[in-house]
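Asks: Note that the protein sequences, when read in sequence, are chains A and B.
Residue 78 in my numbering sits at position 78 of the first sequence; the count goes up by one each step and never skips.
Residue 187 in my numbering sits at position 187 of the second sequence; the count goes up by one each step and never skips.
No lab work stands behind these hints, which were simulated from the structure alone.
These numbers come from a predicted model, not from an experiment.
Incorrect hints may appear among the rest.
[To be verified] One-sided and incomplete, this derived list gives chain B residues near chain A with beta-carbon spacing under 8 Å:
1. A222
2. L226
3. S231
4. R233
5. R300
6. A301
7. G306
8. F310
9. A326
10. S330
11. G357
12. L360
Using N, Cα and C, we set each Cβ at its ideal position, and we do this for glycine too.
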Amino acid sequence: MKFTEEHEWLRPEDEEGVVTVGITEHAATQLGDLVFVELPEEGRMVARHDEVVVIESVKAASDIMAPVDGEIVEVNSALIDNPALVNEDPLGDGWFFKMKVADMADLDAMMDEADYKKFV
Amino acid sequence: MTETLRRTDLHDLHLELGGRMVPFAGYALPVQYAPGVMKEHLHCRAQAGLFDIGHMGQVVVRPRSGDVEDAARALEGLTPAAIVGLPEGRQRYAVLTADDGGILDDLMVARRADHLFLVVNASRKADDLAHLRDGLTDCDVIEVADRGLLALQGPLAEAALEALAPGAAAMRFMDVATLDSDFGDLWVSRSGYTGEDGFEISVQGGQAEALARALLARPGVAPIGLGARDSLRLEAGLCLYGNDIDATTTPVEANLLWSIPKVRRAGGSRAGGYPGVDVIERQIEEGPARLRVGLLPEGRAPMRAGTPLFAGQDDADPIGEITSGAFGPSLERPMAMGYVETGRTAVGTSLFAELRGRRLPVAVAELPFRAPTVKR
């Protein structure tokens with residue numbers, strides 16, 4: 001599992017370069033209770049740092065950015081009816097989307113779990 | 001940040017309780033504790049919540065004549081509320097108006113034995129004191145800086161306060177009383193900012209933390225931060241000064257006409273005599289050009305303050321703006337309030353809010369969103 005400075009996690013799912021993306025427990029706690037999630041369309045091509053997900057907590061709206069270049073291949077539509085999944089299980093059922101990464105080498109520079117723990 | 005921010009008497013307690021401190025009106029205050037806004041909100045509605053509102057201004061207005069009615073008469077020169085004749089031991093909501101009818105602040109006015117006791121917004125405290133001193137020349141206007149202020153709200157509030165300050169349970173909504181307690185004399189009003197039954201309690205500064213700890217030890221009482229205070233008041237349809245009302249909104253536009261009783265309106269025995277009366281009377285007569293209304297977004301996306309409102313999908317010009325918006329934990333849906341031009345303010349009117357470049361449907365709704373449970 002890899003982590004970004006924007007408090008996202010990426011979990012490689014297969015040999016084809018598909019990764020699942022979510023936010024860390026630290027980020028979920030900081031944001032507070034989520035009440036709204038707007039997900040991207042499947043099939044959308046995105047560049048790193050494109051805003052792909054809109055989330056709203058009880059306090060404010062925030063954006064989740066694409067961690068790398070690639071294509072959105074699946075979204076977690078369970079979040080539309082139950083945004084609280086992100087707070088309850090940020091590393092599991094609270095995932096946001098799966099994307100096919102254009103260049104898996106982009107992940108090499110990212111933090112691993114030990115680095116991320118030091119970062120937060 | 002904390003170096004430049006003022007602290008309330010409960011600052012150390014907030015830190016001990018895990019409060020996440022934020023700047024608010026020049027004070028460091030907890031926006032939430034560990035449970036978070038949603039759980040704190042629901043806890044207050046189901047049991048009881050304790051709020052630190054020590055940032056708010058407490059002001060004594062004491063008539064030099066010794067007759068409180070003189071202070072009441074003088075204060076009516078600054079507000080369209082009825083203060084003359086307010087019985088001792090009762091409190092009333094009022095707005096201070098400017099010459100153009102705008103709202104300088106909203107406040108509570110309590111009549112005590114030999115003075116009026118005012119609770120004003122933290123952000124307006126300094127301006128209010130100057131304005132009151134200018135306007136109430138035959139009264140001493142004294143800022144009560146040595147007392148803390150707590151709010152205890154929710155269905156278990158009565159039992160919790162009665163255990164520490166006998167007499168609380170006998171009070172009714174908008175009663176005020178001085179109650180004896182182990183924490184010195186408490187200036188208590190049965191009122192609040194949540195739509196729940198509850199109390200606001202002024203306590204000697206040195207006793208505020210001990211009182212807060214004793215209240216938190218009562219069954220069902222939990223600390224609540226500013227985040228839930230905001231969602232609770234919005235569900236209750238109550239205005240936040242600086243968002244929903246300010247110097248650019250009149251009490252008529254703000255749908256606060258109920259705070260201007262007949263006796264202060266044209267034809268009443270104490271009509272007029274307050275700043276902005278011409279503008280306000282004309283708006284009462286002709287109707288205002290815009291009105292504060294409740295708004296319920298049809299989807300799940302919260303619509304926040306500043307979001308423009310349109311009559312149609314393709315209209316170029318907005319017909320209003322949202323002034324407060326959040327997710328309502330008890331409503332289990334987003335809610336908002338804002339100003340809408342006259343003619344589109346009927347409950348059920350469909351409007352559009354522009355959010356992230358898209359127009360999403362929102363309907364004018366009845367306020368409050370949730371009926372109050374105060375003890376009348």
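Asks: For each hint, tell me whether it holds in the structure or not.
Replies: Each hint tested on the structure:
Hint on A222/B is violated. Least Cβ distance to chain A is approximately 16 Å, over the 8 Å limit. With its C-beta approaching chain A no nearer than about 10 Å, L226/B sits outside the 8 Å limit, and its interface hint is violated. Among the interface hints, the one on S231/B holds; its C-beta lies about 7 Å from the nearest C-beta in chain A, closer than the 8 Å criterion. A least Cβ separation of about 14 Å between R233/B and chain A goes past the 8 Å threshold, and the interface hint is therefore violated.
Checking R300/B against chain A: minimum C-beta separation of about 5 Å stays under 8 Å; hint holds. The interface hint given for A301/B is met, as the beta carbon of that residue sits about 5 Å from the closest beta carbon of chain A, less than 8 Å. With a cut of 8 Å, the hint placing G306/B at the interface with chain A is violated, because the nearest CB-to-CB distance is about 12 Å. Look at F310/B: its Cβ only gets to about 20 Å from chain A, farther than 8 Å, so that hint breaks.
Interface hint status for A326/B: upheld, as the beta-carbon distance to the closest one in chain A is roughly 7 Å, under 8 Å. For S330/B, the interface hint is violated, the least distance from its beta-carbon to any beta-carbon of chain A being 12 Å, above 8 Å. Checking G357/B against chain A by beta carbon gives a least distance of about 11 Å; that is not within 8 Å, so the hint is violated. Interface restraint check: L360/B against chain A, minimum CB-CB distance 11 Å, threshold 8 Å, status violated.
Of the numbered hints given earlier, the model fails hints 1, 2, 4, 7, 8, 10, 11 and 12; all others are met.
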